[in-house]
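Produce the complete structure using the sequences and hints provided.
Residue numbers for the sequence shown follow our numbering, beginning at 11 and rising by one.
Fair warning: there could be bad hints in the mix.
Think about it this way: if two alpha-carbon atoms lie no more than 27 Å apart in a straight line, the pair counts; the simulated DSS-like pairs of lysine-lysine are [to be verified]:
no., residue 1, residue 2
1, Lys138, Lys149
2, Lys138, Lys124
3, Lys112, Lys205
4, Lys112, Lys192
5, Lys145, Lys205
6, Lys112, Lys149
7, Lys125, Lys205
8, Lys200, Lys112
9, Lys150, Lys192
10, Lys125, Lys149
11, Lys124, Lys200
12, Lys125, Lys113
13, Lys149, Lys192
14, Lys200, Lys113
15, Lys113, Lys192
16, Lys112, Lys150
17, Lys124, Lys192
18, Lys200, Lys149
19, Lys138, Lys150
20, Lys205, Lys113
21, Lys112, Lys125
22, Lys146, Lys124
23, Lys125, Lys150
24, Lys113, Lys149
25, Lys205, Lys138
26, Lys124, Lys149
27, Lys205, Lys192
28, Lys192, Lys146
29, Lys205, Lys124
30, Lys146, Lys200
31, Lys146, Lys205
32, Lys200, Lys125
33, Lys124, Lys112
34, Lys192, Lys138
35, Lys146, Lys112
36, Lys145, Lys192
Label-pair ranges, simulated between beta-carbon atoms [unchecked claim]:
no., residue 1, residue 2, range
37, Gly203, Lys146, 17 to 25 Å
38, Ser211, Lys125, 16 to 24 Å
39, Asp191, Asn148, 18 to 26 Å
40, Arg118, Ile151, 26 to 34 Å
FYI, nobody ran anything at the bench for these hints, they're computed from the structure.
Everything numeric in this text was worked out from a predicted model, so none of it was measured.
Built from N, CA and C at the ideal position, the CB exists for glycine as well.
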Amino acid sequence: MLAKLSTLFLALSLGGCISLGGDDKEEDQVGLGERSIGYYSDKTVTSLEIPPDLTKPSSQNEFKLENYVTGIQEDTLSFSEKDNAIKEASSILRTLANIEVKKSGDRRWLLVDKKPDAVWNLSKSFFKSHGFAIKKTNKKIGMMETDFLENHPEIPDKSLGVIRSMLKKAVAARYALPIVDKYRIRIEPKDNGDKSEVYLSLTSME
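As structure tokens, then:
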């Protein structure tokens, strides 16, 4: 880019389109046969005025979004159902601060300080926000299964610890899901229904 600008600058200079210096005379006359061309030194030129219709609009009520879209706040407006699902999942994830990873031999599961209904909604929103279609559900026994997914959704940074603990080596080094995979989750009540145990299994195909 600098080389192109330098070349352009040089071409304009040699072509007489811009001035690189000289004396301060008001006008220099250059004779070319019977014609004379006047080169003028810098003069003060009145700045262009912007027409009133092109100036920055004032902050008036007619420019506010809520006048055209009612029932929602401007900062929460979403034009995509996927965006809404991601926002919902992220909001729920931030509320689940008390999560423990339990271990028994090779088995690992989550102990969540939330009731099964809340964890159910979280799981459903989480899968949908990453492109998984819910294939089977049985809320009475707390079972949910996704369909196979053929792309590579990225796992959120905040969820890496929990997901990695559950899936161990099933999660790739870059924390991206395999090419084709599906999940099954089972949610069981704990401590008289005040907490939940979450069991997650992954089925993958290359």
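Outcome of the hint check:
This hinted pair checks out: lysine 138 and lysine 149 have alpha carbons roughly 17 Å apart, not beyond 27 Å. Note on lysine 138 and lysine 124: the hinted pairing holds, with a Cα-Cα distance of about 20 Å set against a maximum of 27 Å. Distance hint between lysine 112 and lysine 205 is fulfilled; the C-alpha atoms sit about 14 Å from each other, no more than 27 Å. Between lysine 112 and lysine 192 the CA atoms are separated by roughly 22 Å; this keeps the pair inside 27 Å, and the hint holds.
Proposed proximity of lysine 145 and lysine 205 is supported: the alpha carbons are some 26 Å apart, at most 27 Å. Among the hinted pairs, lysine 112 with lysine 149 is consistent with the structure: their alpha-carbon atoms are about 23 Å apart, no more than 27 Å. Of the pairs offered as hints, the one joining lysine 125 and lysine 205 holds, with about 5 Å between alpha carbons and a cut-off of 27 Å not exceeded. The straight-line distance between the Cα atoms of lysine 200 and lysine 112 is roughly 13 Å, inside the 27 Å bound, and the hint therefore holds.
Of the pairs offered as hints, the one joining lysine 150 and lysine 192 holds, with about 21 Å between alpha carbons and a cut-off of 27 Å not exceeded. This hinted pair checks out: lysine 125 and lysine 149 have alpha carbons roughly 13 Å apart, not beyond 27 Å. Proposed proximity of lysine 124 and lysine 200 is supported: the alpha carbons are some 10 Å apart, at most 27 Å. Of the supplied pair hints, the one linking lysine 125 and lysine 113 holds, its CA atoms being roughly 21 Å apart against a limit of 27 Å.
Between the alpha carbons of lysine 149 and lysine 192 the distance comes to roughly 18 Å, so the proposed pair stays at or under 27 Å and holds. This hinted pair checks out: lysine 200 and lysine 113 have alpha carbons roughly 16 Å apart, not beyond 27 Å. Between lysine 113 and lysine 192 the alpha-carbon distance is near 23 Å, which keeps this suggested pair within the 27 Å criterion. Only pairs whose Cα atoms come within 27 Å are accepted, and lysine 112 paired with lysine 150 is accepted, the gap being roughly 23 Å.
Our distance criterion of 27 Å between C-alpha atoms is met by lysine 124 and lysine 192, whose separation comes to about 25 Å. Taken as a hint, the lysine 200 and lysine 149 pair is honoured in the structure, with Cα atoms around 16 Å apart against an allowance of 27 Å. Between lysine 138 and lysine 150 the alpha-carbon distance is near 21 Å, which keeps this suggested pair within the 27 Å criterion. A threshold of 27 Å between alpha carbons decides the hint, and for lysine 205 with lysine 113 the separation of about 17 Å falls inside it, so the pair holds.
Restraint check for lysine 112 and lysine 125: satisfied, since their Cα atoms lie roughly 17 Å apart, inside the 27 Å limit. For the suggested pair lysine 146 and lysine 124, the alpha carbons sit about 23 Å apart, so the restraint of at most 27 Å is met. At most 27 Å may separate the alpha-carbon atoms for a hinted pair to count; lysine 125 and lysine 150 meet this at roughly 14 Å. As the CA atoms of lysine 113 and lysine 149 are separated by approximately 25 Å, the hinted pair is consistent with the 27 Å bound.
Simply put, lysine 205 and lysine 138 have alpha-carbon atoms about 23 Å apart, close enough for the 27 Å limit, and the pair holds. The straight-line distance between the Cα atoms of lysine 124 and lysine 149 is roughly 16 Å, inside the 27 Å bound, and the hint therefore holds. With a C-alpha separation of about 26 Å, the suggested pairing of lysine 205 with lysine 192 holds against the 27 Å cut-off. For the hint pairing lysine 192 with lysine 146, the CA-to-CA distance comes to about 11 Å; that is within 27 Å, so the pair holds.
Distance restraint check for lysine 205 and lysine 124: the Cα-Cα separation of roughly 5 Å lies within the 27 Å cut-off, and the hinted pair is therefore satisfied. Taking the CA atoms of lysine 146 and lysine 200, the gap is near 23 Å; set against the 27 Å cutoff, the hint holds. Straight-line distance between C-alpha atoms of lysine 146 and lysine 205 comes to about 23 Å, which keeps the hinted pair within the 27 Å bound. For the given pair, lysine 200 sits about 8 Å from lysine 125 by alpha-carbon distance, which is consistent with the 27 Å threshold.
Using a Cα cut-off of 27 Å, the hinted pair lysine 124 and lysine 112 holds, with the two alpha carbons roughly 16 Å apart. A C-alpha spacing of about 12 Å is found between lysine 192 and lysine 138, which places the hinted pair at or below 27 Å, so the restraint holds. For the hint linking lysine 146 to lysine 112, the alpha-carbon distance of about 26 Å falls within 27 Å, and the restraint holds. Our distance criterion of 27 Å between C-alpha atoms is met by lysine 145 and lysine 192, whose separation comes to about 10 Å.
At about 23 Å, the CB distance of glycine 203 to lysine 146 agrees with the hint of 17 to 25 Å. Separation of serine 211 from lysine 125 is about 22 Å and conforms to the stated range, judged on CB atoms against 16 to 24 Å. Look at aspartate 191 against asparagine 148: about 21 Å separates their beta carbons, and that is inside 18 to 26 Å. Between arginine 118 and isoleucine 151 the beta carbon distance is about 20 Å. The supplied range of 26 to 34 Å is therefore violated.
The structure does not agree with numbered hint 40 stated previously, though it agrees with all others.
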